[in-house]
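Given the coordinates of chain L, assemble chains X and B onto it according to the supplied hints.
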Amino acid sequence: MHFRVPGQDINREPFADNVPDFHYQSSLMQTDKGYKCRITNIVPLTEQEKLFQLRILDPDERNLFRFRPGQFLMLQVPGYGEVPISISSSTSNNEQVELCIRKAGHVTNVLFEAQKGAHVAIRGPFGSSFPMEEMMDRNVILVAGGLGIAPLRAPLFWINDHRDRYKDVHMLYGTKEPSQMLFTYQFEEWEKINHIDLHTIVEQGTPDWNGRTGMITKLFSEIDIDPENTHAIVCGPPVMFKFVCNYLDKQGIPMNRMFVSLERRMHCGMGKCCRCMVGSTFTCVDGPVFDYWSVMNLKEAI
Amino acid sequence: MIYKVIAKPEFEKFIDALVKENLSFGPRQVDTDTKGQPIYQFKEVSSATDIAFDYTTTYSSAKHFLMPFRENLSHFSYTDGDWEQEITYEVKPIVLIGLRPCDISAINILDSVLLNGHFPSPYYLARRKNTFIIGMDHLPLPDCFCKSLNHHTVTSGFNLFCSDIGDSYYVSINSSKAYNYLKEFEVQDPTYDDDCKLIERRKLIKQSFKTDVEVTGLPSFLDIEFDSPIWTKWGDKCLNCGTCAMVCPTCYCYNMEDRPDVDLQGSSRQKQLYSCNLVDFAEVAGGHNFRPKNGDRLKYRYYHHYLGFAENANQPICVGCNRCGRACLADINPKDVINDLRMEKESCMICISESPDKT
Amino acid sequence: MQHLGFSHKKIKIGSFDFTCCEGCQLQLANHESTLPAFLDLLDIRNFREISSEKHDDYDIALVEGSITREDEIERLKTIRKNAKVLIAYGTCACFGGVNSLKNNFPIEETVREVYGNNSVDTLPVRRIGDVVKVDYSIPGCPVSKEEVERIIISVATGSMINLPKYPVCVECKQQLNTCLFDLGEICLGPITRAGCNAVCTTGKTVCLGCRGPADDINFESFLQLVADRQLSLDELDEKLGFYNCFEEFRHDKS
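Chains as they are written, first to last, in this note's numbering: chain L, 1 to 302; chain X, 1001 to 1359; chain B, 2001 to 2254.
No lab work stands behind these hints, which were simulated from the structure alone. Here the structure is a predicted model, which means the values were calculated and not measured. Even glycine gets a Cβ: it sits at the ideal position worked out from N, Cα and C. Hints are all accurate, no fakes.
If we take Cβ atoms under 8 Å as the criterion, some of the chain B residues that face chain L in the derived model are:
1. 2003
2. 2005
3. 2006
4. 2157
5. 2158
6. 2159
This is chain L alone, in the form it adopts within the complex (with noise of 0.2 Å):
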């Protein structure tokens, strides 16, 4: 016995020499933990999104659960894995999140199946923002292809809730055709109330649309773009925001003031796993919010 190394158990001892940094939302040694959510509600929005809203269930979890717009959690699916998923929610709704899902993989075909009342968890906020603030007082372009108007949203309804301290807002969304178009029920909402100028494309239309065809820089040609003081989000698929921050930057918008949101399949959401890295960054930890221009220097990005 004199020369048993004793054992130590980190489960009742302070974590490490320095404390870990969860956005000051988690307590200690939850990395792995998850908030348990109950699926309140499910909206089918096209045959392949639906909108699943989620109540943590512990109100202090609830408490402790702030994010940014343009932030992402992992959802867990018990017995199926982990994904992450962008939120799409208003930052000021405490009561519930709210995620735009794609079936994409076998976790997301399973939480297809999933039924009201669910239970599933979340980690998280994970990741980078946009930087609302340094956008206020100026003009906003968003910029939404496809599913990318998921991510959208939490930038959108922040700037609703502060409304008054941003000036011209465009929203340009364009899909491939009309049946794919997430959210139109709250189109009007938009324009009305939020005084936002929402311009929508598809790239094939169909007998019953009525509105524009073609791709989504085609859209650019209906607004007037003010270089010096204007910020733009461009949310989308890889092809498009390029093309898209290419425009702009042609208008003269700086690189560094338009800000595009990077998907890689992330597992640990923590910079460990490492299956996120684009070049030497992790798009769990650096991202998934770049500025353009932090974009074009990673190599491996698009």
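Only chains X and B this time, still in chain L's reference frame:
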């Protein structure tokens, strides 16, 4: 640090006492290769005689004692329409004997990556705190290049470190536990002669390196050479087998999956060490692969190892043990790849110098 | 999954064998520690190793063995018709397996060698996938019970079915094995799909590739490796042909 000198037979008695009381691992010969060279691995030992104190290097590193290849992170127990998630960080203490300076450096690097970031890993911390490390110096093998990365000596991260000074070990004691254990044995304070022998020993080690990998300015080279054809050249050789990452003492990237219990009454969330050379490392939901080519993946591994990542203050994480080079069936090793990269760069510089003067 | 608001029924399963040793089906009855829980997931409709009941309503058909006779083709087609999901089970079913060695010789010669002058109805060996549509494959000679459990559970819970995409080397290194190439042997580990937990190489037996090629293997580099180490290319070819799993690569080469 406290220094003592202990005669080799006495040291073995000490190790024997330690090994008999604790779950211990040390270098053991497991095979002899076709060239007649012994192959060693860190394996469980139950007495000092099990340990090959004069071993060269182990085929695999010691990282899996701190980061198991597969590990349960949490367990979900299902109850009537609900579930509970259970997490504990329970580990039994282990003793690791005979780690080389590069191995200990590697653990120090893992500490900085896994404990000092925004989200320290409690799983790693529990194991790290329960690992008693005894290091031993050695003469480098012909292909060791830890000196190039300054990892041929180590000053922290161990409980005890032994330098071979002939009939005795010159031991550096870095923990009170180790100090108290050693009290029970015959140890002397180092004499002037012992100090000289230690300096001689260190000099000898330093002079014995046969492989040098020039790493000065490497981060900038890598940044510039992102599209270099050499990645395709080496990528074409790569078997995508992940061996390099498995034997590497610092590769820590991983995969997560949920595994339901067979009775469907619960599930485990498991972490599996992965390799960036494996084909689906950068695959996302829906099947898109961000690094579909061998060369892309191989390049990524070199970027991680020599450019470093932000979580690690952009320090290279390679310690120069060349385990990956030795284990690679396709003969890819850091020395050749980096030299190739430099050649490429230098030929570039020649072009520049030969171009007409712009002024 | 109750916590997600849906539950699952027992899986109606049938297990069938064609030309094979039935060793894979026996694997299902192995792994005693989890056997009761595993069997509890199943409603066995047709499975002669486990139960004497025989019914034709099953959701999943596990099909073991390769196809070597006319009557087997008909039987297989009926099974396909009855089953919602057909799983090729074991190396013989997925790739033809050891049986396929006979395809290297004229069929009359093989019959004469084994049965003398008795006439036997036999065809060149075919994979299950050559005859009917296969939904999933579980390779292995024999299959690994743990993997089978995992896949059956995936089917039961509506989760994803996936085999590892990487080669055996990953699992072999995780077992801290000595590389068999370092011991002067030819091992197919670097090109063979993992999932077996490197059971052969851990027992110091070379991998013969019973699980078939991993995703996106670098076959050229593998040939180079065998040549560079001055190992016999004929021996390599023999190993590649052993389970009939690497035909596309063997023929590319020549």
